[in-house]
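With the hints as constraints, model all of the structure from the sequences given.
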Amino acid sequence: MTFPSLETRGLTIRFGGHIAVNNVSCSFRPGELTVIVGPNGAGKTTWFNLVSGQLTPSEGSILLRGEDITALAPSARAKRGIGRAFQLTNLFPGLSVFENVRLAVQAKRGTGPRLFRPAAAYREISEIARAHLETARLESVADLPAAALPHGDQRKLEVALLLAMEPEIFMFDEPTAGMSVDEAPVILELIDTIRKDSSKTVLLVEHKMDVVRALADRIIVLHNGEQVADGAPETVMASEIVREIYLGIPAGEAA
Amino acid sequence: MTDSELISAPASDPVRKGRMVVYAIALVIALALAFAPFLFQDVRSGQVAARICIFIVLAASYDLLIGYTGIVSFAHTMFFGMGAYGAAIALKNSGAHWSSVIAGGGLGVLCAAVLAVLIGILSLRVKAIFFAMVTLAAASVMLVLVSQFSDFTGGEDGIVYSSPNLFKPATKLLLGDDGKVLKIMGVSMDGKIAAYYFVFLSCLVLYWFLARIVRSPLGTVLEAIRENEMRAEAIGYRVVAYRTAVFMIAAIVAALAGVVWAVWLKYTGPESTLSFAIMIDILLMVVIGGMGTMVGAVIGATLMSIAQFFLKDLMEAAAGATSFLPLVPNLLNPDRWLLWLGILFILLVYFFPAGIAGTLMKKGAHK
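Taken in sequence, the protein lines are chains A and B.
So for the first sequence, our numbering puts the first residue at 39; every next one is plus one.
So for the second sequence, our numbering puts the first residue at 2; every next one is plus one.
You may find that some hints are simply not true.
Anything over 10 Å on all C-beta distances counts as not near chain B; from chain A, calculated [stated by the list, open to error]: (1) Ala169; (2) Gln192; (3) Met217; (4) Ile232.
Listed next, the stretches of chain B that the computed footprint assigns to chain A, with coverage defined by at least 3 CB atoms under 8 Å from CB atoms of chain A [unchecked claim]: (5) 210-217; (6) 229-237.
Since the hints were derived computationally from the structure, they do not count as laboratory data.
Ideal Cβ placement from N, Cα and C applies to all residues, glycine included.
If you want it as structure tokens, here you go:
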């Protein structure tokens, strides 16, 4: 039997009396793009934080290719192939765009035990970083500090960092939030390219319904921390419960 | 600022010029220190030159913590003192030999490394402010221990001892044709000059080591941790391990500087190694020079040491020169040197908010 690439079993986290994620069990296969939807406060980002390790669950477990990783630190999960891009841009603001990406490549590829060799002397790492910058169309701003970039470019850099980690599991948290209409396609094309690689598992939190329709192989709906629907896009979109949840939300947010 | 200006900013002329100025200043300081015994032949200047060498290493290793990694520690003089006391106690009790320096100093450095790892593992997970408090507590405990175990450490009075024979003034390094000690440019090639170059070269090696570290892959990870600890962890760097490692490296370098200082000074006491006054000096040197710039440590340590030692002389001369004026000589009275030092610091921080090297090199100019 082959293991799912990623699985959560009865994943629950409580903050005092509030249950942010409640008993979520689901598994994911390589080559599949799953969109996680739900209203604000449904627990999508919290569930992401549990999987990538920023939060520790109150109950339940997380399995990566059948191995229990619930007790591992975020850095150890990253080394094992879980890559995460953040909803609120979360970069190294004072370092250059190139250095941001180079650090992620260095974390993945490693530099060996030679402590005193200048980082710039590791040609291969620099070249890979340059390639990722080109993919994200950031090569023209490579030498600027990340903090000096406009919002759209910061979002692209966020995605470039994720690419540079070369993960097995790609986790995007609203990657196009706040991006202009002409910028968003760069990110969406990137995600589409990754999806076509049958060895990768992609998880995507997204509000924009056109994006969901265009990309999703499967949709999971979270509501008040609970998993209320899971299945093929057509089935889930048509289901009673999803209509109910989304009818309560102003059209502007659901669109 | 338009986009095109932003893009051209990193390589623009004022920044390149600022960088040139900073490296030129550092080069002048390095050359002055390299030839200090020949350039400044009085005893006091020699003392100041050696002190500058040691404090450049202390400030640079402290900058590795506070400027590069964002760790605030008040225990840097504690590690400095552990190296110094290790060498001093051995030199006092087992005689003025190199073996004492190596065994005692080595033990001191080892203790500093072990203590740094323990403090790091136990408390680098907690918030920065708590870590700073833990280091403050550890440094206070060390001060109390040193003054209580006075049989061993000499208490408040410290320990006086001899340095190895090579550094005794009577040692003749080079002999002239007449069988007396050779003089080059009026400087005797004796033990005193050997001692100075022991300090200079040791500090040069330690500084070079630190400068290599900040450019290595390890150094880049440290900057990443300073900029965004959570993201550094998320892309796969074990932050606690990196922090503990850098805390240990800084402790070892400070302790080694302590060993060199103990050999040079032939005296080790709380006031010369462990005191919080020195801790504040190091902190000011890093801030004045520029946090997160290794070259800033050179400028900060030099400027501050020179101000501390020569401001009084300067003021005495100035007071004498203005003695015909009312009030002014009183203001310039050497007794008020601390007031002027304070004013100097305020002006420096005002005009160089990111430190001298940091501001001139426009590091962090985007903030």
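Broken hints, numbered, in rising order? Result: no hint breaks.
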